[in-house]
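**Student:** Read off the chains here:
2 protein chains.
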Amino acid sequence: MSENFCIATYRCYDDKADFAKKAQSIAVGLTVGSWTDLPEARKTEMEKHLGRVVSVTVHEPEGAAPGERYADLAIAYPDLNFSRDLPALLVTVFGKLSMDGKIKLLDLQFSVDFVSAFPGPKFGIAGVRNLLGVHDRPLLMSIFKSVIGHDLPNLREQFYQQALGGVDLIKDDEILFENPLTPLEKRVEACMNAARQAESETGQKLLYAVNLTGPTSQLAANAKRAINAGANALLFNVLAYGYDALHELSSDREINVPIAAHPAMAGALYPSPHYGIAAPLLLGKLMRLAGADLVLFPSPYGSVVMPREENLAVQAALVDTSPPVVTSFPVPSAGIHPGLVPLILRDFGHDVVVNAGGGIHGHSMGTAAGGQAFRQAISATLAGQSLPEAAAEAGNDALKAAIESWGYKE
Amino acid sequence: MSENFCIATYRCYDDKADFAKKAQSIAVGLTVGSWTDLPEARKTEMEKHLGRVVSVTVHEPEGAAPGERYADLAIAYPDLNFSRDLPALLVTVFGKLSMDGKIKLLDLQFSVDFVSAFPGPKFGIAGVRNLLGVHDRPLLMSIFKSVIGHDLPNLREQFYQQALGGVDLIKDDEILFENPLTPLEKRVEACMNAARQAESETGQKLLYAVNLTGPTSQLAANAKRAINAGANALLFNVLAYGYDALHELSSDREINVPIAAHPAMAGALYPSPHYGIAAPLLLGKLMRLAGADLVLFPSPYGSVVMPREENLAVQAALVDTSPPVVTSFPVPSAGIHPGLVPLILRDFGHDVVVNAGGGIHGHSMGTAAGGQAFRQAISATLAGQSLPEAAAEAGNDALKAAIESWGYKE
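Protein chains in written order, with my numbering: chain A, 4 to 413; chain B, 4 to 413.
Think of the hints as simulated: they come from the structure by calculation, not from any bench. Warning: the hint list may mix true and false statements.
Pairs involving identical chains hold if they fit within one copy or between any two copies, as the list cannot separate such chains.
Only pairs whose alpha carbons sit at most 20 angstroms apart, straight line, appear in this in silico SDA-like list of lysine to any residue [claimed, not checked]:
#, residue 1, residue 2
1, K105, H277
2, K105, Y304
3, K412, P345
4, K403, R72
5, K403, E413
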């Protein structure tokens with residue numbers, strides 16, 4: 004990390020541009036505005052505000068078709084020019100520039116000074132493991148099957164069935180907002196009551212990430228209402244409110260529960276090769292710096308796909324041990340069934356949350372068996388057993404049925 | 004407008020998809036979750052929460068190359084399913100869906116009930132005109148030449164020179180954050196003092212849109228500090244904080260000055276044909292509903308370009324008289340010089356803010372002459388005079404010099 008520069012890397016497509024010149028014009032234009040026409044005396048004063056070109060790497064394969072020529076430009080921006088918040092940094096490095104042709108923000112390297120303003124996740128991987136008392140295996144999260152139009156007894160029963168399967172976390176649907184059927188505090192009370200009932204039967208602790216919604220100015224108050232009602236985790240649609248809203252929530256001492264960041268709206272920003280913000284930055288580095296304890300992102304296995312390398316780069320940004328903030332739990336989501344557990348653990352390691360919806364509720368023996376099948380698949384994989392081998396063992400009927408329905412990959 | 008459905012229109016690219024089926028699966032999946040497997044009794048209860056397919060229009064030109072087949076899908080979402088705020092609506096209609104293949108959110112039609120929660124712009128076109136006492140011509144806005152690293156006397160002098168040219172609004176640079184050289188309140192005091200000095204010479208009223216920055220929870224307080232120090236307008240980087248932050252600021256009774264929305268970061272969202280949110284929605288409808296009195300967006304004339312039809316669609320969304328909130332002032336920005344005034348007025352009509360930076364500061368006779376040249380170009384165009392004709396008249400030396408430097412278009 005640089006002491007006092009934040010470095011932005013862009014990919015810039017242009018069939019003809021002089022990329023070195025373009026990089027120079029960004030470095031000057033987005034900092035001091037103009038340079039060559041400044042009097043020498045002014046230059047001395049202004050130099051500390053001037054952006055610098057760190058590198059320009061042109062990709063110009065011979066015989067490249069039109070539209071294929073691009074360059075990666077790295078520009079260093081003096082910390083002096085912006086305040087210590089993510090809106091200021093993002094507007095500096097990609098405010099006006101985002102509208103200047105085919106250009107995508109690939110990465111940001113935060114300076115030592117900038118990052119020092121961010122406490123980061125309050126819990127992170129180790130903290131979430133401590134809350135659950137689970138240190139030796141990947142975690143299992145499940146999602147309600149359907150929530151809109153359901154009343155409290157129905158939601159409570161869905162929660163209870165999921166909890167019985169041995170899941171570690173249950174999250175609200177991100178599209179469940181404040182509503183008369185299942186208002187925030189009553190929902191928390193009903194679900195946490197189901198969690199306690201299930202715990203008395205399974206011995207399994209459980210985090211319930213209730214969806215934090217409402218007007219921006221009320222988010223912290225709503226979070227505290229949820230916590231006072233018993234919530235032990237929060238789900239938050241970060242991109243709908245901005246990273247700074249997450250940063251303020253995660254920095255609030257009274258919001259003493261893990262926050263799971265949902266990637267809602269992220270697909271408007273990361274998938275284009277030419278525009279937007281790359282997924283490892285959008286859902287990795289920035290979510291973590293802003294304080295997400297768990298981060299959901301599209302898995303490489305489902306219908307909501309992201310190329311595998313990009314998935315792994317998101318995960319790498321969440322678990323990289325070099326930044327001075329604790330790691331965030333990666334939660335690759337969508338299209339997950341028990342037969343994919345060996346693959347997930349190979350792709351993401353053990354510090355991962357296996358997250359399933361249909362793969363739990365759609366189990367032929369019911370929701371509780373759906374959770375059990377995942378737990379059995381996780382245990383087998385950690386023990387070095389193949390899934391068919393494990394499925395044949397006594398007590399693993401749930402896994403057997405899951406494999407019969409959905410197959411498996413090794 | 005529908006009474007109680009908000010309608011989202013998407014463009015969805017897929018070479019093979021059954022688009023009717025896809026539309027149906029969105030309508031169900033993003034509302035009640037599942038439908039066909041519900042018991043009949045449940046269906047009766049759930050029907051009011053169920054999304055509806057409004058239309059599916061497939062574009063499948065004969066001999067279409069791979070990647071060219073698309074459909075526009077319109078889906079109606081019951082208001083019952085979300086709270087009356089933009090994060091809830093956006094997460095509902097484009098949260099998870101944004102990550103589901105090549106899909107772009109083109110438009111939103113708000114229901115009567117949804118829109119009733121939004122007071123909209125406090126001033127809008129008529130209100131801004133009233134503040135300035137200017138009803139018979141387009142407005143003129145200018146931008147500081149460079150701000151980072153400048154001290155208060157320097158900024159004050161830049162402001163004064165711009166004001167002398169007869170501009171109606173001066174805006175901060177969007178990358179000027181809280182800083183020791185020109186802190187918010189001192190900057191407001193210095194610039195408003197320059198505004199008063201210029202007014203005593205020109206008789207021209209002036210709005211100064213000071214950049215509103217800082218932590219999300221402090222935005223309203225910072226706005227009020229600026230207003231107490233004399234600020235009579237605000238500039239706000241909406242997309243870095245989310246639309247709801249703008250909505251809360253514009254709804255705050257104590258924030259009784261116009262808010263200009265800056266499009267910083269918008270280029271990460273609108274330019275791809277396959278992903279993101281279309282500009283007329285992103286910078287038009289949503290900015291206005293959230294309460295922007297003036298909206299800056301890329302002009303079709305400069306280096307930061309947007310196709311002309313898209314520009315006009317942004318403008319149309321800002322000035323359309325059918326919604327129950329007042330209109331917002333369109334501010335097409337970048338690449339503007341006095342020679343473009345006839346074109347701007349033809350493209351955007353008279354309810355437009357002509358916004359220039361280099362086209363004012365770069366004037367061969369100085370900054371004040373830069374503003375004068377624009378005012379002369381506006382007067383000539385409104386009088387039906389060609390620019391060369393006007394430039395030849397006595398007293399229009401500034402316009403003459405501008406046309407010599409930059410040329411003109413009719």
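**Student:** With reference to the structure, classify each hint as holding or not holding.
**Tutor:** For each hint, the structure was consulted:
no.	hint	in the structure
1	K105 x H277	both (5 angstroms within a copy, 14 angstroms between copies)
2	K105 x Y304	between (29 angstroms within a copy, 17 angstroms between copies)
3	K412 x P345	within (7 angstroms within a copy, 66 angstroms between copies)
4	K403 x R72	neither (51 angstroms within a copy, 42 angstroms between copies)
5	K403 x E413	within (15 angstroms within a copy, 76 angstroms between copies)
Against the hints set out earlier in the document, a violation occurs for number 4 only.
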